[in-house]
Structures are given as structure tokens and as C-alpha cells.
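Quick mapping for you: the protein sequence lines, in order, are chains A and B.
The opening residue of the first sequence carries number 1 in this note's numbering; numbering runs sequentially from there.
The opening residue of the second sequence carries number 1 in this note's numbering; numbering runs sequentially from there.
What the hints contain is simulated information worked out from the structure, not anything from laboratory work.
Some hints could be false.
Said to hold, decoys possible - Cβ-Cβ distance ranges computed for the label pairs, FRET-style:
| # | chain 1 | residue 1 | chain 2 | residue 2 | range |
| --- | --- | --- | --- | --- | --- |
| 1 | A | Asp119 | B | Gln46 | 41 to 51 angstroms |
| 2 | B | Glu179 | A | Asp71 | 41 to 51 angstroms |
| 3 | A | Glu123 | B | Val95 | 47 to 57 angstroms |
| 4 | A | Thr133 | B | Asp54 | 40 to 50 angstroms |
Stated by the list, open to error - The calculated lysine to any residue pairs, modelled on SDA-like cross-linking and capped at a C-alpha distance of 20 angstroms, are:
| # | chain 1 | residue 1 | chain 2 | residue 2 |
| --- | --- | --- | --- | --- |
| 5 | B | Lys56 | A | Arg31 |
| 6 | A | Lys56 | B | Lys56 |
| 7 | A | Lys36 | B | Asp112 |
| 8 | B | Lys36 | B | Ala8 |
| 9 | B | Lys36 | A | Asp54 |
| 10 | A | Lys56 | B | Arg31 |
| 11 | B | Lys56 | A | Arg32 |
Every residue gets a Cβ at the ideal spot worked out from N, C-alpha and C, and that includes glycine.
2 protein chains.
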Amino acid sequence: MARRGSYAKGIAKREEILSVALDLVATQGFRRTSIKDVADAVGLTQAGLLHYFDSKDELWVAILRRRDEHDNAAQWDAPDFAALLAAVVRHNAEVPGLVQMFVNLSAAAATDPEHPAHDYFRERYESTRSRMTADFRTMQQDGRLRADLDPEELASVLLAVSDGMQIQWLYDPSRDMAEHVELVTRLAMAQATTAS
Amino acid sequence: MARRGSYAKGIAKREEILSVALDLVATQGFRRTSIKDVADAVGLTQAGLLHYFDSKDELWVAILRRRDEHDNAAQWDAPDFAALLAAVVRHNAEVPGLVQMFVNLSAAAATDPEHPAHDYFRERYESTRSRMTADFRTMQQDGRLRADLDPEELASVLLAVSDGMQIQWLYDPSRDMAEHVELVTRLAMAQATTAS
DNA sequence: GTCTATAATTTGATAGAC
DNA sequence: GTCTATCAAATTATAGAC
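I would like the entire structure built from these sequences, with the hints used as guidance.
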């Protein structure tokens, strides 16, 4: 079934583009990667590639969205929320292309409301912050999290640490992003006596 | 003295360019501001403006450097380091052009070693981190800072929170950057019982 | 010190054929 | 679904005159 017209092929090609683009970004840098580079790498012309994505930025956003889906679907064997966040961040270090893309796009879209990724990021910050906030409230009721912290503020802070460490990591890959995130979660935990 | 050739005038014009550029960025957004826009605003042609700066990115970096100088020279009536950092961050909210510039350039330069601002940022992260680290060591000796924290890690984290909150603030200006930074410093202080 | 004029790309996007 | 051809185009950067 579905022999020609080949609906499935289109989907597969789209997927291929997404992962090849990601590799290219990781290899030659986000800003040095043009839509034409990606097209060449998947054996298409630039115009051919734009058949799959409306614009360059739409392509980048599609990659970010796919990452979100994977992250949400993944089983992060994490005992608690702090560990989960650290696990995600730790995983990011394995995908430098995504980090580059995230850092650059979130900055570009932040200062331009017309940017194709603006809404994506605004909504992403809002939704992850509110999801984390809810988790933190529960943890406070369970006595696992310090009661004197504002849950929403803490959520913001953790997102900020994670974003900020990505930048520092890009300048100096020897810095351990996950470890720094864990430092903050440790401080936020109840009876945080800290184990080194 | 110095009537013609007018050395002083060149300096003044340069200063004028720097501050007009900053205003433009704050008004119309970093990515929407071209070198020609700045030239128009100061009554120069684009080529005329490039007499003062070697390239567009050099102009941006010059603005950032000037900010650093001012910040370092300023008297931030701050009792301790935590308050100082918060004061700087709080001040940033008054200069949206600088925040936009910082966020965009630090991201762009992070993923491109050839970027004119790459070295500036790498060195800036390194030097501020090490200065903060030294401060924290002293504070630990004085018993003002929790002894179980790695001073350098804490320094990284605070820079990260500050950078990360700038991004969130650009997406949602109602979030208070300084307050979030203070949350972390509070947690790091010795006997952090927190006052709301 | 400032301008005119122009180069030099690069790169993203569209129209229409196959 | 993919290509050819072409546009749009915006900038940045440079050479050389005044």
C-alpha cells in the first residue's frame, strides 16, 4: 500500500533532513550552517529542501520541537525531579548541535517578537516553568523541598542556571553543566546538608 | 590647544556613536539595528561611521567594554558581594539595549571562535568567575558563606543565573532578574534561614 | 574626518517546469 | 517531490576623492 505518491517517503526525508541538519550544526557551527549546506548534505537543492520547511528558521524550530518530544517521551531513570533535570542537562552535552541551536535561537528570538521562534520559546519557558512549579509545590508538601522558597522563583532559577551554563559550556566545554544544576537543586532540598 | 586635527572631537564622536547605538538597539531591537541606522542617527554615512570602528561587531563589543568599565568604576553601595551582584543585575533592567546586545552577542560568539567578540566573552567569563571565586573563598573563611560549597562552582552558577534570567526577562519583562539572583545568593549564605 | 560609489558576496525565498 | 532560474536584498566593507 502507499506505493507511489509515497507519503511515507516524504516523512522519512523530513526526518533525515532534521538529523542531518543537527549534525551539520554540531560540526561546523550554527551560524556557519546555511540552508544550502543542509540541502547539499541530504542530496537536495536549496529550493528542494524548502519544499519541506517554509523557511530556514522553521527548520531550526522543527529540530527543537522534535527534541522536546523525544525528551518528554524518554524514560530518564530519575528518582526525583532534581535528578531528572540533571539527567536532561547531562544529556545535552552529548548533543552540541542542539545546544548551539537553542542558545542562538533563544537569543535571537528573544529580541525580536517577529522571529519565527519567538512564540515557541515564550510558550516553552512558560509551560516548563509552570510544570516545574507544580512539582515543587508537591515536594514542599512532602517536606522534600525547603518550605521557605517560592516554587515559581525556584523554577525560573533552575531554567536560568541550565540556560546560562550552556553558554559557559560552549566557551569552555570542561565545565560540567549538570553538576552546576545539581548544586542548586541540592541547596533547594530540605535539610540540605550536602554531600560533596 | 588641539584646535584642528581635533583629536578631542574624534573621541567625543566615538562616545556619541556608542550611546546612540545603544539607544537604537533598545528601541528597535538588536537584530533590527544595522550599522547604517546608527550612522543615520548620528548624522554620518555608513562609511563615515566605519571610520571609527573596524566593523559592525567591533562597534558592539566596544559598547560592551564601555559598560564593563563603567560597572567596574561605579560605587554600588553594596554591603556584601551578594548585594553587589544583585545591584548590577537590577541596574541592567534599566538598560535593555545592553541586555539585548549581551544576550545576542554572547550566543553568537559562543558558537563561532572566529567571531570578533569570542575572545572578549571567553576572557570575561574567566576573569569574573575567578574574581568571584576569590571573594567566595574569603567569605567562607569569614563564615559568611556555606563551607560545603565549591567556590568556583558557585561563581559559575551565579553567572549562569544572571545570564539565564536575562533571557527569561526579555521574553517576559515582569520577571525580576535581581530577585532571582538574590534567591541563590541567599541559599548560599551561611545559616541561610531566609527572610522572605 | 567624512563622503561617494561600488564591490562583493552570501543567502534566503519564489515561480514555474519536469 | 525536486530542480532551474532568478530575485530580492540587504548589508557590510573597501577604494579613493574632497
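Structure-based check of each hint:
no. : hint                                   : result
1   : A/Asp119 - B/Gln46: 41 to 51 angstroms : 33 angstroms, violated
2   : B/Glu179 - A/Asp71: 41 to 51 angstroms : 28 angstroms, violated
3   : A/Glu123 - B/Val95: 47 to 57 angstroms : 27 angstroms, violated
4   : A/Thr133 - B/Asp54: 40 to 50 angstroms : 47 angstroms, holds
5   : B/Lys56 - A/Arg31                      : 16 angstroms, holds
6   : A/Lys56 - B/Lys56                      : 24 angstroms, violated
7   : A/Lys36 - B/Asp112                     : 19 angstroms, holds
8   : B/Lys36 - B/Ala8                       : 24 angstroms, violated
9   : B/Lys36 - A/Asp54                      : 30 angstroms, violated
10  : A/Lys56 - B/Arg31                      : 16 angstroms, holds
11  : B/Lys56 - A/Arg32                      : 18 angstroms, holds
Violation of the numbered hints given earlier is confined to hints 1, 2, 3, 6, 8 and 9; the remaining hints are satisfied by the structure.
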